[in-house]
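4 protein chains.
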Amino acid sequence: MSKIPVGILGATGMVGQRFIQSLSDHPWFEPKALTASEESAGKMYGEAAKWHLYPSMPDDVKDIEVRTTDVESVENVDIVFSALPSSIAEDVEPKMAEAGKIVASNASSYRMEDDVPLMIPEINPEHLNLLRHQRNERGWDGGIITNPNCTTIILLLALKPLVDEVGIERVFVSTMQALSGAGYGGVKSMEIQDNLIPYISKEEWKTENEPLKILGKYEDGEVTKSQIAISASCSRIAVLDGHTESVFLELEEDTSPTEVKRMMSEFKAVPQELELPTAPDQPIIVREEPDRPQPRDARHAGDVPGMSVVVGRVREDPVFENGIRFFVSGNNAIRGAAGASVLNAELMKAKDML
Amino acid sequence: MSKIPVGILGATGMVGQRFIQSLSDHPWFEPKALTASEESAGKMYGEAAKWHLYPSMPDDVKDIEVRTTDVESVENVDIVFSALPSSIAEDVEPKMAEAGKIVASNASSYRMEDDVPLMIPEINPEHLNLLRHQRNERGWDGGIITNPNCTTIILLLALKPLVDEVGIERVFVSTMQALSGAGYGGVKSMEIQDNLIPYISKEEWKTENEPLKILGKYEDGEVTKSQIAISASCSRIAVLDGHTESVFLELEEDTSPTEVKRMMSEFKAVPQELELPTAPDQPIIVREEPDRPQPRDARHAGDVPGMSVVVGRVREDPVFENGIRFFVSGNNAIRGAAGASVLNAELMKAKDML
Amino acid sequence: MSKIPVGILGATGMVGQRFIQSLSDHPWFEPKALTASEESAGKMYGEAAKWHLYPSMPDDVKDIEVRTTDVESVENVDIVFSALPSSIAEDVEPKMAEAGKIVASNASSYRMEDDVPLMIPEINPEHLNLLRHQRNERGWDGGIITNPNCTTIILLLALKPLVDEVGIERVFVSTMQALSGAGYGGVKSMEIQDNLIPYISKEEWKTENEPLKILGKYEDGEVTKSQIAISASCSRIAVLDGHTESVFLELEEDTSPTEVKRMMSEFKAVPQELELPTAPDQPIIVREEPDRPQPRDARHAGDVPGMSVVVGRVREDPVFENGIRFFVSGNNAIRGAAGASVLNAELMKAKDML
Amino acid sequence: MSKIPVGILGATGMVGQRFIQSLSDHPWFEPKALTASEESAGKMYGEAAKWHLYPSMPDDVKDIEVRTTDVESVENVDIVFSALPSSIAEDVEPKMAEAGKIVASNASSYRMEDDVPLMIPEINPEHLNLLRHQRNERGWDGGIITNPNCTTIILLLALKPLVDEVGIERVFVSTMQALSGAGYGGVKSMEIQDNLIPYISKEEWKTENEPLKILGKYEDGEVTKSQIAISASCSRIAVLDGHTESVFLELEEDTSPTEVKRMMSEFKAVPQELELPTAPDQPIIVREEPDRPQPRDARHAGDVPGMSVVVGRVREDPVFENGIRFFVSGNNAIRGAAGASVLNAELMKAKDML
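Protein chains in written order, with the numbering used here: chain Z, 7 to 360; chain S, 7 to 360; chain F, 7 to 360; chain V, 7 to 360.
Looking at chain Z on its own, in the form it has when it is part of the complex (with noise of 0.2 Å):
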């Protein structure tokens, strides 16, 4: 099978960067379209983008030329991933979409529109059908597709088993996020070094909407939200990546820590039964020790590096009936972010949809 060209909008930054690194040797994808802003277009990639991450460049991206975030620049290709910041998704995702463009898009600027799926495969696969009612509603041969913030998703990813064997009444979440969730230069050196910073922008609203979409029912290209209850509080400390959660939860009925676990570790879902290239064999680990999960090691968990989340201090909790606290941590950048959407792409070709 020849492999189908896929363009990254935004290549250059840290999510970017990620795509790169999430497509690179991708048995199904290959990037061939690679745009950014004016000042680096027409620069090879070698030389526009500052490679911030391990292991180094690939060398088959190092002589693609970086061209503006426009239609034009990526006409060579039917699906583009779509890194951009929010405020230039909004005017460019819609282009491409018009213009016959799959967009599989970390951006949030489309995430909480009714007719855009907003995907984690392994929760609601069947939340793409949305696609077809935005085509039609829109005039759009191509279309937009869209992954949760980084923080929502760690987090869903942790609860759902629990969500379909037992549901969830309430949850109160508080986080630890990584430097690299902000960007590369969205923290400053001197603001976070000995310190924390008890706040991130817009990002506890995210955490407690996109869930209600996410774990919406999809019926008759329609969404109906979730009646689960997230209250979420968002710090920022002094990790490079990784994302760690202290959740608390209320579930509908008493269950044991030894089930909660249990039901985290042997949850699978579509992308698993599909064998999808990038899908985690275990999307949920759980460690037993006292002290875990830990972002350090957690940031490359499971055997697709990145893309599995780890929990563990699982334990009732003293306040809720039928209370389960734990921690969880993920990668933000790569199960959070570009490796998320990869995923959505996955799912679409297997699905037949690309």
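What the hints contain is simulated information worked out from the structure, not anything from laboratory work. Predicted model only: the values in this text are computed from it and were never measured. Hints are supplied without guarantee of correctness; some may be wrong.
One copy or any two copies: either way a pair holds, since identical chains are not told apart in the list.
To be verified - Listed below are the simulated BS3-like cross-link pairs for lysine-lysine, each with C-alpha atoms no more than 27 Å apart in a straight line:
1) Lys-68 with Lys-194
2) Lys-231 with Lys-212
3) Lys-101 with Lys-38
4) Lys-208 with Lys-267
5) Lys-101 with Lys-274
Chains S, F and V: place on chain Z using the hints.
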């Protein structure tokens, strides 16, 4: 007035050094006896203690001879402050009390004993009355009074005005605690660099249980425990000093964030009325900026640096009926340890109990 | 004596805030004019400046209206301290001098001009005489005096007693510099977390060249540069404040480490003789412990915190004939910047040159 | 070819784990015996070792029973790699050699013995001949070969092409070393957070003296030491892995930075010619960016990750005649420790000495 000579048990460790600092230039107390382990005994304090704090070691303690931690070593003082590890405190503190010493202890060994005051002077000054019963029951001339764990103190100070004015049903708290809380050698750099540890031994139990006693009602020599329900999840992060806590509250009545901030800002109690020397003018400082409190400055907060806690991001909670959430940060080593014991002793002195 | 009103140019940035701090409660000077960029102009300082330091912003500057950085804005003062970036200082400082102001500048723009004193009061107080020539030549009523780059000051203070007593031939210095030296936003957290950056723009040139002028001999309105040979390699590390320098020296005569330490410890100079308000009693503090100096405490060193440098590990060098090597650490923001300018102004005042 | 079974002495510590990693999937060697201290003996390795590295512990060592560190425990192997602390190595290694084992040691105990090869395969492969004399003199069937201290290896690899092509007279080196170099528990977080420590026990002596032997000339069973003069000042900084060194050189002949970079980039030696399995294709990688090398990426450098060193900022030195200065950074735990011993063993195998 000539100063009251006091002793410090375990004077060379991190908390011991904070005691030295708090008692240096104290208007009422003067360190005259310092104890430590066998290796330090016989040396001058200036030589025995590897000083870790800023400012430098006060001159007046440098030439005090460090002695072993037993009753004979403190015969020249009637009051001793205990910075002992709990395993040693368990054995030594009763002997001191039996020998007629007032032991103002930061150790956890006797905190939860029925007849031992567990004190935060702004919260439960009347619990001091337990001391009379303690003496009667145990036949002691002296006695033991204790202060809570650092995390408990910082949390409860912030909660106290709400407990009084509206009542609190339930509390979820997720902490981000400083390295110094584990003692100078407690956390290895390889463990915490670019990482966090979502576990602190016994910390959650203390944070959930100590408040029940502290907020309990004293009557006829007994404390009836409070019914407040608390769930705590504790993490260690790479911050030198200053614990920060993410708090979610269910109040008994609907109360706006503005009202909550007013209650906290205006809160004053017995230590302020008595003008105790190290009582901060304002025990709770409320910050209005979107990104506070931060431990790097909260650790110095207040007119008595380190004795106030800082609250920020007070906002409604979407999950609880009558919900409120906020962050609080305070100095674990001062308000949360040595300064707490000193304030306890000041209260006793002001009440003519020394 | 009523205090002398002074201005601070660029008062809202990191160095500007250090000027505020150094001049707060100063016995001779009082900030009466504060300038900043257009966005801040018109606001009260308390509102315009995001305060980054401990202790908190002094009350007496909070209600000073910040103005744009031009001559009209400082008409009520005769002396201005400049914390301007060099690109702006280049234009503004001569205008100030022409308008009759004494400009005590931390900017690099005019440091190497032949007729501009580049001063460390302990080292070359006689260079102040250049000011007369500067005024004559340029037809100014005021004038510009400068202090060196932070790295230069910390190095040269440590070297000065050796220059005087035995002579220095050659210097190799490798630095480990603090984040604050790059300004509040200068270093991104993603760059420096778990890393170091072996490069600081222009720093090596300054460290190698400024000393030649400072150690130069003043005669008849001219400074003849010193012949000392210096090679510098500069790195940034994850430390908030305090530059540390690893120094290798070739002396003109065989001198033991003991002798070197004596020379450094006993070093006093004109600022100490004149008892200038912010002159430390001991400019160089020599530590005997095997593992000092360390920036976390060296940043506060001395009786005027941050104005002394700390030397440690003085030992023979096995490569140079008459070789000596040591480490020196000092506060880049105080002794290395704002405090340096203030000390310069104090010297002028003591010499009746204001 | 079936693999050669090998042992690892001190297999549970930081360096021991790096040995496990280097030998996992090694084409020639296979770990078959693992030793550690009494507490670990009898447990499976998977249980005995608290694994600190990424990726996770290789499966094939998990079920090897850890034994005490003595000759009986390694009877099933002829080659042992030693990650022992020097105090234990001093006693154990000769017993192993006497019992016929080849000991490839990272310990410092025997490095400077006249008849013990102190090896960097790219630099002094002919020193392996010392082994014959060692056996003769000591009557051993086996033997001890050692690799240098981490700081020495990283420095000397960078210097070797210059030693060969132009000659080096004098070296000043100031280091910024990683936490892992002190072992997992070696540096306390309270010591190094927001700080540096300008001292590492015995490190400077090793860095100054080991090169004299390594660069020495082997003839007739003896190594005549090199006359190169080295002065080292060593600091610990808050970096997990990767030592960085600031180097100042006096060369024997005038050589341009361009020439130096060419010599370094083109440098290949015996391990490359023999295509040893873990020999990097390019032992020295020269970076042209203004701000490299940085340890966060240099720690992974090369086609065999961690086995190349990275040089940057090669420039003229203004102090030395024929002076050159640069920075070099390399992985202290791989090229500087476990990987060094493995490369030594590979060289012996390729020379049919195993």
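Here is how each hint holds up against the structure:
no.	hint	in the structure
1	Lys-68 with Lys-194	between (29 Å within a copy, 25 Å between copies)
2	Lys-231 with Lys-212	within (14 Å within a copy, 39 Å between copies)
3	Lys-101 with Lys-38	within (19 Å within a copy, 56 Å between copies)
4	Lys-208 with Lys-267	between (31 Å within a copy, 22 Å between copies)
5	Lys-101 with Lys-274	neither (36 Å within a copy, 53 Å between copies)
In this structure, only the earlier hint numbered 5 is contradicted, and the remaining ones agree with it.
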